[in-house]
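Protein chains in written order, with my numbering: chain A, 1005 to 1158; chain B, 5 to 922.
Derived from the structure by calculation, the hints contain no laboratory data.
Any given hint might turn out to be false.
Beta-carbon label-pair distances, calculated as ranges [what the hints assert, rightly or not]:
(1) B:45 x A:1124: 45 to 55 Å
(2) A:1021 x B:52: 52 to 62 Å
(3) A:1106 x B:169: 36 to 46 Å
(4) B:59 x A:1055: 22 to 32 Å
(5) B:86 x A:1055: 18 to 28 Å
(6) B:86 x A:1111: 49 to 59 Å
Distance condition first, Cα-Cα at most 35 Å in a straight line; then the derived DSBU-like pairs of lysine-lysine [as the list claims (entries may be wrong)]:
(7) B:537 x A:1019
(8) B:496 x B:470
(9) B:537 x B:513
(10) B:526 x A:1019
(11) B:485 x B:537
(12) B:519 x B:470
(13) B:84 x A:1019
(14) B:634 x B:659
(15) A:1019 x B:519
(16) B:470 x A:1019
Quick reminder that beta carbons are idealized off the backbone N, C-alpha and C, glycines included.
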Amino acid sequence: MEEALDQNRLLEILKGFAPSRDSLIPVLQAVQEEFGYVPPESMEQVARHTGVFPSEVSGVITFYAQFYTTPRGRNVIRVCRGTACHVRGAKAALDTVRKFTGIEDGETSEDNRFTLETVACLGACALGPVMVVNKVYYGKLNPGRIEVVLKDLP
Amino acid sequence: MRPSGPFAATWWFVLRPDSPQMLIVRSVYRAFMERRSAVDTVTISLNGKEVAGPSGTTILEVASQVGVHIPTLCHHPLLKSVGACRICLVEESRSGRLLASCVTPIAEGMEILTHSKKAIDARRGVLELILSDHPSACVICSKGNECVLRALAKDHGICDPDLEPIRRWRSMEEVNPFIVRDLTKCVMCGRCIRVCKDYEATGAIEYTDRGYATHPGTAHGTPLEGSECNFCGSCVTICPTDALAERNRIFHGSGKDFAPGICSFCGTGCRLEYAVRDGALVGARGTDDSPMNGISLCVRGHYGQDALSNGRLTEPLIRREDGELHPASWGEALDLAAARLKHTIELHGPETVGIITGTNCSNEELYLAVRFARAVARTPHVDSIARLSSATVMEGLTASYQGPRRPSVGDIEDAETIVLVAARPDYTHPVVARNVRRAVRNRGADLIQLDSLTTSLSRFARLHVKNGVEQLPPFLKALMKELVARNLHDEKFLRAGIKNADEFINRLKPPPGEKSSSEEVKQAARLMGRGRKIFILIGPMLARVTQGYILARLAADLAFLCGQPERVLFLGEGTNEKGVWDLGCAPDRLPGACRLGDSGMLEILKGLWGPDIVQRPGLDAMGMLRDAEKGRLKALVLMGADPLAVFPDTERTRKALARVDLIIRTGMFPATIYETAGIVFPSTAITEADGTYMNMEGRVQRMGKVANPPGDARPTARFLLDLAGLLGYPMGFVTARDIFDEIRRVCPTWEPLRWEDVGKSGGRKPLAPEGAGSSEERGEPRQRLVPYTPPDSFATPPAPPLERPFRVHPEERMLHPGDGVLSARSNRLTTAGQSSLIRIHPEDAALVGAKKGSLVMLRSDVGEATARADLDSNVPRSGVAVPSGGPDYILQRLLPWPEEYCPPCWDRVFVSLRTLEE
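Construct the entire structure; sequences and hints are all you get.
Set out below in structure tokens:
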């Protein structure tokens, strides 16, 4: 599962950013965009490029929910657990997703197909219950609709 | 130029500096500036009183200046304030706002109440919140009365917080032998993070995670020993609670009294506070009054001081008829030593007696040793083992400077380019490495590393030239040529400041048509170019290479070329290595850093020591060993020196020493020399007697007695005085101060020093007064600098022989500095120290069939040693990185005895490797 980090790809990404600590978050976002997560092996290089200590890179990564240090699934499913969604049956929606994917909140399936997360609000309360799959919103969920959506995912 | 045209005369009149119009302009300008500076001074009302300060000052600073105490927790004067804890809240009465005084700058018209009911209530509230998730088991907390949080609770009268506690129990972390972490007690003040990142510039820890889970953590969350942490312990010093504590304190107790002193692990001479309980040394911590180290200490200074009290000699020992050492009284041992020494001198002559001092002898002891040798025992054979590891470089620097140098460790920080010439301060002098890191990280300096190995400073280096020591002289020469060719050198300084400047510069001008320099040379020259502030550090290992003298002179030349001769520092390893040079503890020198033939000094000495002073040059330490081997050396006095730990070719040294009839040794610890020593005297540690020490900068610092010596251990100075008395030469000294005062009469540069001023125990003036402190203060400063002018070509280093293909790269270890004799006595340092690991390149390891952890035998042409192997692709091919010192002394076993008048050198040593077991 763990592969050696492709240093060339990393260096190519770093080239596009100014060597300054201001670039740290954009660099990490670009690294995550490229690799799907922020490989721990890349931190040293990122730190060197941005002129901060590796511990500081680590601090930023662990602070922001947007950064991941483990590989993620091909499809990231975020299910809303906010109040509005909750009263409209978000729990049932989440159960359906869990049953379909076989994974719990925060996990990635073994075939790397799904990663499941719950979030507090997706900002689309009128459509609740809501989930976002790879940046696409799906509202007014019911078990049948969820299965249709998930079935077609690669 | 005079204006012209129809109104020229008028204009000229107006623009004259003293014209009425100009006077008006000037006065308006002055009034404007005064107004501006008036704005720059801000006045506020503090508890009803008017207080002023420059703008930008915080409320806390202004308050402390007028003696108003505001409680703080996360604030520390050495660190940037972040306002994390809110304990320092004060009330602004006009707006009713509560302000964190440590980060709020004063503003005109502020009305601050530091102790209003609102402010105190707010502080109590904050404190109760902090205490609500802090364990209240203060009785068994190792921070005890030093805890800031507990003091705050006491001051604010908080006994039992009304808040329901939310406990965040986390497990204790006790992985490494130095630091225990208990995050349950962490108050998230961030002091440890700031001290690590800004003050130490190590950056091992940072806030990790978010919200309630936030904690100080390393990159990847690895344990400290897997991170960049070098266990300087500043985070422990600065942690206000017991979240970070010293490990194994439980076995020592914590300090009751704190006595200022200096550390004895290396030549930096860091000032620290020794923690003492009932006359026993129990620990050490940094203070903030030191020009070298601030509150920083290294792992040795902080956690290795138990070495000073472990396994000490407590009574004199005499080898009796049965061939064993038996305890004896001082009187008996001294009588015997005097009688046998007298007998030896009468029977074989004084030239068969030798005296060798150790690296930890105080200045007073060194002076006495020289006087004892040349005036009492009447032998010229007096030397220090410190010279084995410094002689070539010190000789080189003396030849280049011909006078005193006062490099300062503090100057490293304002350098713009730092050059490490085979220097690894991160291992040998960690506090110096701190200054290097601070210069690079906090001030944007460039670091040039000239080193075959990769060290922890390499990540900070702008340029790492992986030259072996044998390629260093050509590299330095090429660099100098490049500086001259590109006109980056300081020609003005050279012309005015050094001897033979023309010849020096002309020799460095490249002949036409010479091929251009390598890219590395060009880059280094650019980084050192004209106007850049430089600092050159010379590593201690350079004193033990064949070209050590040349390299030291080339480093000095480089500093001359850049016009900054003072900015060269040799990283001396011994506590008092530099004192050895100033006090002439060498076979060819006299006190006052004079050569033996200095007639002026001889006259002074004759007046004090008596007319019969031995004036001939004697044998150096290696020479004495050679004489011992031939049976010519009959008696040897070893003052704190452990020969088997420092001399090369351990086996041959052992055999040579066995031929000496009488060995008298003073020392803190039982040593390997036991097999041959006839009479052993227990000596005091640096903390147990008065004395002065000279650090590698040339700073004389005084150490007072802070702890009681174990058993009947006495200062070595006392031993020498008593022995001299028994030999019929009473010197009349009673205290160390008496000896110090005589040194002042002898050494011209010591004259301005005063015993009271050189930093007594508790004193605040560790600095030597200006104009004193170092040696050889003669002649006009401008005429004293003598460039070396490198030769056209350097000797080509020999190729490794076929049967021993591996080149030795000695590597200093942070945990075992110098000869490793002292650190080997520290439980914590030896627990953590991977001293016996050698490192080889993985491909070389494959060739000899070694894996990580394999037991490998190294064999040179004189000896062999075994060690565990570690694989590291940063080690050069066909090379093996070997620990340079103790406690295993691998390198010493492999080194041959040197040629005549040469230090033991490692750069011509080649070894074969054989895997013994996987």
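- Hints broken by the structure, by number, lowest first? Result: hint 6 breaks, nothing else.
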